[in-house]
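From first to last, the protein sequence lines are chains A and B.
FYI, in the working numbering the residues of the first sequence are 935 to 1534.
FYI, in the working numbering the residues of the second sequence are 935 to 1534.
If chains are identical, the list can't say which one is meant, so a pair holds when it fits in one copy or spans any two.
Result set (BS3-like, lysine-lysine): computed pairs, CA atoms no more than 25 Å apart in a straight line:
| no. | residue 1 | residue 2 |
| --- | --- | --- |
| 1 | LYS1418 | LYS1261 |
| 2 | LYS1424 | LYS1241 |
| 3 | LYS1081 | LYS1406 |
| 4 | LYS1081 | LYS1266 |
| 5 | LYS1081 | LYS1140 |
| 6 | LYS1058 | LYS1163 |
| 7 | LYS1265 | LYS1081 |
| 8 | LYS1261 | LYS1081 |
| 9 | LYS1081 | LYS1163 |
| 10 | LYS1328 | LYS1163 |
| 11 | LYS1261 | LYS1406 |
| 12 | LYS1183 | LYS1140 |
| 13 | LYS1009 | LYS1328 |
Bear in mind the hints are in silico, worked out from the structure with no lab data behind them.
Number of protein chains: 2
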Amino acid sequence: MLDKTPSTKVTEFLDKFGSALEAGDIEAAVNCFQADCYWRDLVTFTWNLKTMEGQDQIREMLKATLAKTKPTGWKIAEGEEAAEDGGVTTAWIEFETEIARGFGMIRLKDGLIWTLLTTMAEIKGHEEKAGFTRPLGAKHGHGRDRKTWREEREDEMAELGHSRQPYTLIIGGGQGGIALAARLRQLDVPTIVVERNERAGDSWRKRYKSLCLHDPVWYDHLPYIDFPKNWPVFAPKDKIGDWLEMYTKVMELNYWSATTAKKASYDEAAKEWTVVVERDGKEITLKPKQLVLATGMSGKANWPTIKGQDVFKGEQQHSSTHPGPDKYRGKKVVVIGSNNSAHDICAALWEGGADVTMVQRSSTHIVRSDTLMDIGLSALYSEQAVESGMTTRKADLIFASLPYRILHEFQIPLYDQMRERDKDFYAALEKAGFMLDWGEDNSGLFMKYLRRGSGYYIDVGACDLVIDGSIKLKSGVDVQELTKDGVLLKDGTLLPADLVIYATGYGSMNGWAADLISREVADKVGKCWGLGSDTIKDPGPWEGEQRNMWKPTQQEALWFHGGNLHQSRHYSQYLALQLKARMEGIDTPVYGLQEVHHRG
Amino acid sequence: MLDKTPSTKVTEFLDKFGSALEAGDIEAAVNCFQADCYWRDLVTFTWNLKTMEGQDQIREMLKATLAKTKPTGWKIAEGEEAAEDGGVTTAWIEFETEIARGFGMIRLKDGLIWTLLTTMAEIKGHEEKAGFTRPLGAKHGHGRDRKTWREEREDEMAELGHSRQPYTLIIGGGQGGIALAARLRQLDVPTIVVERNERAGDSWRKRYKSLCLHDPVWYDHLPYIDFPKNWPVFAPKDKIGDWLEMYTKVMELNYWSATTAKKASYDEAAKEWTVVVERDGKEITLKPKQLVLATGMSGKANWPTIKGQDVFKGEQQHSSTHPGPDKYRGKKVVVIGSNNSAHDICAALWEGGADVTMVQRSSTHIVRSDTLMDIGLSALYSEQAVESGMTTRKADLIFASLPYRILHEFQIPLYDQMRERDKDFYAALEKAGFMLDWGEDNSGLFMKYLRRGSGYYIDVGACDLVIDGSIKLKSGVDVQELTKDGVLLKDGTLLPADLVIYATGYGSMNGWAADLISREVADKVGKCWGLGSDTIKDPGPWEGEQRNMWKPTQQEALWFHGGNLHQSRHYSQYLALQLKARMEGIDTPVYGLQEVHHRG
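Between the sequences and the hints, there should be enough to build the whole structure, so can you do that?
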């Protein structure tokens, strides 16, 4: 008897799984799963971003959602084949629900599902117009007094927010707000983005001058228009600023720059927000149905309270407002903090001729950027990956298919390799006194990022300066107080300073909600970001997904968007579809709305 | 005995051909060709764009160039296979010369070459940095006082054209100048583009308001950044303007808008141009080594001399300066001409409520835009083509591989199909009195474009207005004179007019050279465009390539760039390489420099 190919096995399995679902036979469907199993659903079943872990959670989810979802047509995705490796059979899959088309990935072990990822690709009848369905453009035929494209755009820009209201208002015009707005436009959801800076891209331009992206280009593409093949691996901030600026233009976004959101409140009866923004010195009231905060996954600046801050004669800044080294040549600068911003800023200050000391109060996870790119990302996001057929979409989905609960297990071996490869580097750092860590479970940078959004530095050169003492280091010591002349540490050291920079991180994004809406609403939605891993700065209980990000929150019609360029790109798709569905009056019963365990 | 596969046959053939070339055995190489054969070389052998027709011309070319070119390594291009169809075996090929890497296409009939296309892909040691060799971007490591990307760009913009001179100056910042400048930057050739309009893209924005591209999007991509998948098929002029504007920014072009070139002269001894431009009211003298006129393949406006033009009381415009219909509602407008601009303008005027008459003095070739897209372009430039694996590069090369001498033979059957598909449409046009043609040999639109750049209209709706009389038509009649009130035709008809528009075409591009440089230089280089086909407006003798376009001219260091978006994109590659080679001091002996038979 001939062995079945992986594709045949998967096809037969999907037929069985699909039949059980169509028959409403939940037990049979659950029995298609391993005992140790994960089903991550992005919108299709749950109208949420939700990971079900184990058969019990899957059973509960299906009981609540199966009858309404009506999934059918499970098959290996067109043009794909299943593959078998190390006992795991993997395949890209397609399926449909009553209202959507789905795409995902399945991993089988011993003929049962280990991991299943189901994502919403598009809503039937509301597909984006691209490729074969791209708009015609030229108005063929003729019509007296019909408007040109430019006139239509001008009308839109004159009306939207004035004589007619946007369905969605996005506050924050960085890469997150921009990516989401682009998706929403392609779905014909009238949207305005408000950005307080003068120009799109300023959120990058205004940062310290040596800033470049720390993530490599293949990881960073925006939706619809990739960076070209000659774009640098790590783009300088001004190049990114220019790209974002042109992107808002050619993707036809309704982008209100130099506009600040002042106040927002939700009318539960009218199901509508009232948002007051200030633009060109005038207050304008907008009434969107949906409000998205895309103000950056870093919330408000954490400005620590330290005795003597009112006594200190020099300047004090947070890393987010530090303008760069130009005015500090020959000056003494003390930087409190030892993570990403601290390193970038210390290096830039040294380059600009300042006398700089870094105060490290707790350990930092360091990884060299080329090592991270090679070992951490290259399988999915690299020139080699592209050359062997990887697409950004697939890379994003492969990443999304790894359950958060076990993601650290995949990461640990990679970081073991990195530790080995760069051991001399780490030895030199420790010799200089630097306190290193690898994350509590040695799972490294990306888990730290997902859990707490901080606590690491991707080294692009500052470490050499720490190693050789060009950047002076005081480590393992906390600040006692500021004196009028400098920083007094708890070990008695006095660091004279003209400038003290608090590279001390940010609060949770819901801090912006407190300012803009109310403390009550901010508390109602709770802390953003983090997985509930019970590690430093990510207290339990386990959430299984990023708190509040890209999905329904406890405040109706309030959403949070953000993250790095990869997340801004990928998760904007699902957030845009959730908003589109609501606009079209499609029923969106949310399963497992995230409960709030922390106020932020 | 097993039949050899097409790939095996081609590989064996290439081994034989390559060996003959390497041995310097010209006769053996020539004998690899059919009697009826064509070898089109883009730069690699000839440092020219040249088609050799027949064995004798090939022999002569090899005698002159083979020893220096040193071609080797002929093989089927990596990842490709040969294909056999209808007695013709076709394959993508790669080869090397002493200084370059080549790419091309071969077509064999009965084991001998029918057509050979050889193109220069890159110069060894001067490859563009992209993909695996894309720049790093972030300056890793550290260096005191080193400059950021933005500072380097600012320095470049402050210096280039002032304290240091560009190698290449491009006059004309439309899609041609922009595409060429982008290629040159990727090859590190310091280049300035001067554009008289205020903003990049204005050459489109300022056109009549209903203007859209008549070529579909897949045909129109610029180098390096494709239009996205949701870009319209026929882009409205303002969208194109915006794209060009952002492209100049993100591709880091040194683009001097609001800058007019006043005078240029070549110093034969210093091998350098002196070009005076006016920018912000100041005259600046530039000294590039190479000068490119990218002012548009349409040269200066043809403004016919007609008796009574000084008597006519109303307005007179050329199509190129017509602002659109807004001021002419209710007015009488007479448009002299019946080709592309005339139809677009008449339709826009009708839509704007004007009373418009088209005066057709000679026949016009008409094809409907969707028919042209379907039958004329879809094999190479369409969503279907993309889906079946066609790339823009391959489409461009396939098109380039069809010898101009026989191109019409490929075109005639396509236009027969178009004539049949739209026969009712054509009957209705003729019933309205419109004079139709199909090109002298029925080879249709693209041949007309290549031969004379005029004489056709791609219908996007104006024809229906001619058919139903909304656009009034006087055909088969010429203009006698203008009276003070209107246009008197030779058949005695008087057409009252408030505005007369001369949609009467353009002169040859070397008319710009006459204005900018001198009549002598303009005559020295002669007429641009056309193949020498001995058809209307394309007098012989046969050139075999576009006169003066994208290749060396009789004036050292003077070049012409332009054409439609496809040509701007594709031929900018070869022009950029020819300029790069000269900058690097590589020997570029031009074979078969085009002689001048017509002054323009």
